[in-house]
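Peer 1: The residues making up each chain are set out below.
There are 2 protein chains.
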Amino acid sequence: MYIAMNRFEVKRGSEKDFEAVWLNRDIHIRNVPGFVEFHLLRGPEAEGHTLYSSHTIWRSEDDFKAWTRSEAFRAAHKDAGSNKPLYNGHPVFEGFTAIQTVGAE
Amino acid sequence: MYIAMNRFEVKRGSEKDFEAVWLNRDIHIRNVPGFVEFHLLRGPEAEGHTLYSSHTIWRSEDDFKAWTRSEAFRAAHKDAGSNKPLYNGHPVFEGFTAIQTVGAE
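Sequence lines, in order, name chains G and D. Sequence positions in the first sequence follow my numbering and run 1 to 105. Sequence positions in the second sequence follow my numbering and run 106 to 210.
There may be inaccurate statements among the hints.
DEER-style ranges, computed between Cβ atoms [claimed, not checked]:
1. G/Pro33 with D/Ala185: 35 to 41 Å
2. D/Gly186 with G/Gly13: 37 to 43 Å
3. G/Asn88 with D/Arg117: 27 to 33 Å
4. G/His77 with D/Val197: 26 to 32 Å
5. G/Asn88 with D/Lys189: 28 to 34 Å
6. D/Ala180 with G/Gly81: 44 to 50 Å
Pulled from the structure, derived: some chain D residues nowhere near chain G, Cβ distances all over 10 Å [what the hints assert, rightly or not]:
7. Glu114
8. Lys116
9. Ser119
10. Asp122
11. Gly153
12. Asp167
13. Phe178
14. Ala180
15. His182
16. Ala185
17. Asn188
18. Gly194
19. His195
I should point out that these hints are in silico values taken from the structure, not numbers from a laboratory. Backbone N, C-alpha and C fix where the C-beta goes; we use that ideal spot for every residue, glycine too.
All chains should be modelled from the sequences, with the hints used to inform the complete structure.
Peer 2: Okay, here's the thing in structure tokens:
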């Protein structure tokens, strides 16, 4: 299991606009091989911003990498630049590999 | 859905020891109300450290908060201090609320 996250520092007062962009976007990922689940996450508030994270679970890092080279990826990101005024700087990408999983009993 | 993460900057060369602590610990969480799934995640390498994150999915933030006040929480953390030499500073807690979920088709 691989989790791809992008962290966004959304400017104070722009939270609702940022959420609306995500909630209203076209979704191109449901049929991508290896895609498991996507979540948009709202995190802690800090000085002047609220942290958000896109959180996509993939079967493997290879599936994620294949997606980044695909037409579906280009379609998903073609309008991303128009949201830039809503957050500080650039989103920060972090990719994680699960090395232990514990489920509920 | 609520995700509780703790970020650890594990010192270069201590990665295997850090993973062993997690992989060999006693697990006290499987029966906690609202617990869904735990993952230990290995993230990107940076100057002098590798980022790790504990990643616990809860049904709700209230379930997570109830757990932090429980005996099971104390049992899970009683030896946490002994791992401190393996990472920089303190783990950084970040809690996230899912505001959108997209599943695979």
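Peer 1: Work down the list of hints and note, for each, if the structure agrees.
Peer 2: For each hint, the structure was consulted:
1. G/Pro33 with D/Ala185: 35 to 41 Å: holds (39 Å)
2. D/Gly186 with G/Gly13: 37 to 43 Å: Since the Cβ atoms of D/Gly186 and G/Gly13 sit about 40 Å apart, the hinted range of 37 to 43 Å holds.
3. G/Asn88 with D/Arg117: 27 to 33 Å: The hint (27 to 33 Å, Cβ to Cβ) holds, given that G/Asn88 and D/Arg117 are roughly 29 Å apart.
4. G/His77 with D/Val197: 26 to 32 Å: holds (28 Å)
5. G/Asn88 with D/Lys189: 28 to 34 Å: Holds: the Cβ-Cβ distance is about 32 Å, inside 28 to 34 Å.
6. D/Ala180 with G/Gly81: 44 to 50 Å: For G/Gly81 against D/Ala180, whose Cβ atoms are near 49 Å apart, the range 44 to 50 Å holds.
7. Glu114: holds (13 Å)
8. Lys116: Non-interface label stands for D/Lys116: nearest chain G Cβ at 17 Å, farther than 10 Å.
9. Ser119: Non-interface label stands for D/Ser119: nearest chain G Cβ at 15 Å, farther than 10 Å.
10. Asp122: holds (14 Å)
11. Gly153: holds (17 Å)
12. Asp167: Fine: 16 Å to the nearest Cβ keeps D/Asp167 off the interface.
13. Phe178: holds (15 Å)
14. Ala180: For D/Ala180, whose nearest Cβ neighbour in chain G is about 15 Å away, the distance exceeds 10 Å, so it holds.
15. His182: Label holds. Min Cβ-Cβ 15 Å, cutoff 10 Å.
16. Ala185: Fine: 16 Å to the nearest Cβ keeps D/Ala185 off the interface.
17. Asn188: holds (15 Å)
18. Gly194: holds (17 Å)
19. His195: For D/His195, whose nearest Cβ neighbour in chain G is about 15 Å away, the distance exceeds 10 Å, so it holds.
Violated hints: none; the structure is consistent with every hint.
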